[in-house]
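Note that the protein sequences, when read in sequence, are chains W and R.
Take the position in the first sequence, starting the count at 1, then add 1; the result is the number in the working numbering.
Take the position in the second sequence, starting the count at 1, then add 1; the result is the number in the working numbering.
Check each hint, because a few of them may be wrong.
In this list, chains with the same sequence are indistinguishable; a pair is considered to hold if it fits within one copy or across any two.
To be verified - Listed below are the simulated EDC-like cross-link pairs for lysine to aspartate or glutamate, each with C-alpha atoms no more than 16 Å apart in a straight line:
#, residue 1, residue 2
1, 12, 45
2, 56, 33
3, 56, 71
4, 12, 71
5, 56, 76
6, 12, 33
7, 56, 45
8, 12, 50
9, 12, 62
10, 56, 17
11, 12, 76
Just so you know, the hints here were simulated from the structure itself, not pulled from any lab data.
2 protein chains.
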Amino acid sequence: MATFRVIITLKPGILDAQGQAIRRGLLALGFEGIQEVRTGRYLEIDVPEGWGEEKIRAMCEGLLAHPLVEEYRLEGC
Amino acid sequence: MATFRVIITLKPGILDAQGQAIRRGLLALGFEGIQEVRTGRYLEIDVPEGWGEEKIRAMCEGLLAHPLVEEYRLEGC
Numbered sequence: 002m003a004t005f006r007v008i009i010t011l012k013p014g015i016l017d018a019q020g021q022a023i024r025r026g027l028l029a030l031g032f033e034g035i036q037e038v039r040t041g042r043y044l045e046i047d048v049p050e051g052w053g054e055e056k057i058r059a060m061c062e063g064l065l066a067h068p069l070v071e072e073y074r075l076e077g078c
Numbered sequence: 002m003a004t005f006r007v008i009i010t011l012k013p014g015i016l017d018a019q020g021q022a023i024r025r026g027l028l029a030l031g032f033e034g035i036q037e038v039r040t041g042r043y044l045e046i047d048v049p050e051g052w053g054e055e056k057i058r059a060m061c062e063g064l065l066a067h068p069l070v071e072e073y074r075l076e077g078c
C-alpha cells in the first residue's frame, strides 16, 4: 500500500472568499499583520502498491479537483 | 513575510464521511483497490517575518482547528 497526498487549491486569480474570511477572523482575534490566507483541500489516499503518478493524476482530474478553477499538486509520488 | 502551511485533519477514530464518499466515488469511476481516503483542510498563511511557531500554534488552536475532533500540523516553520 502506498499513500499519496493531494493538495487542491484555487487557481491564482480566483476569489478565495473563505481565506479572506479566515484572515479577517484572525485579525479580529488580535493576530495583526497577517497578509493573506489561502485555503485548500487536503486528501490522503491509500492506493495499492505499484500505482503510478499518472493514475493518481487521472483520479484528481476525474473527480477530485475542478479543472476550471482549481489546481492540485501531489506529494509522496 | 513568511508563509506557513497548516494541514488540519480529523483525529484518528473520528468518522470521515467525506473521505468515505470520495472513496466510493473513485471506486465507482473504476479506480478499484483504493483502501482509504482521508480528507482535511489546507491553509497557507502569510505572516510577518519573525513570527514564531508558538504564535502560529495559538492561531490554529484559537480559530483554525477544532481541538476536540481535529488535529493539525505545521509545515514551513
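- Task: First find the shortest C-alpha distance between residue 56 and residue 76 inside one copy, then the shortest across copies, and answer within, between, both or neither for a cut-off of 16 Å.
- Result: Answer is within: at 14 Å inside a copy they meet the 16 Å cutoff, but 27 Å across does not.
- If the cutoff is 16 Å on CA atoms, where do residue 12 and residue 71 land: within, between, both or neither? Let me know, please. Within. Shortest intra-copy distance 5 Å satisfies the 16 Å Cα cut-off; inter-copy 27 Å does not.
- At most 16 Å between C-alpha atoms: does residue 12 with residue 76 qualify within a copy, between copies, both, or neither? neither (18 Å within a copy, 21 Å between copies)
- At most 16 Å between C-alpha atoms: does residue 12 with residue 45 qualify within a copy, between copies, both, or neither? This pair counts as between: shortest inter-copy Cα distance 14 Å, intra-copy 21 Å.
- Could you place residue 56 and residue 33 in one of the four classes (within, between, both, neither) given a Cα distance threshold of 16 Å? between (43 Å within a copy, 11 Å between copies)
- Message: Cα distance capped at 16 Å. Does residue 12 pair with residue 62 within a copy, between copies, both, or neither?
- Response: within (14 Å within a copy, 28 Å between copies)
- Intra- versus inter-copy proximity for residue 17 and residue 56 (alpha-carbon distance at most 16 Å): neither (29 Å within a copy, 24 Å between copies)
- Homomeric proximity label, residue 56 with residue 45: Cα distance no greater than 16 Å: within (15 Å within a copy, 27 Å between copies)
- Are the CA atoms of residue 12 and residue 50 at most 16 Å apart within a copy, between copies, both, or neither? neither (31 Å within a copy, 25 Å between copies)
- Within, between, both or neither, where residue 12 and residue 33 count as close if Cα-Cα is 16 Å or less: neither (26 Å within a copy, 29 Å between copies)
- Message: At most 16 Å between CA atoms: does that hold for residue 56 and residue 71 within a copy, between copies, both, or neither?
- Response: neither (19 Å within a copy, 30 Å between copies)
In this structure, the earlier hints numbered 3, 6, 8, 10, 11 are contradicted, and the remaining ones agree with it.
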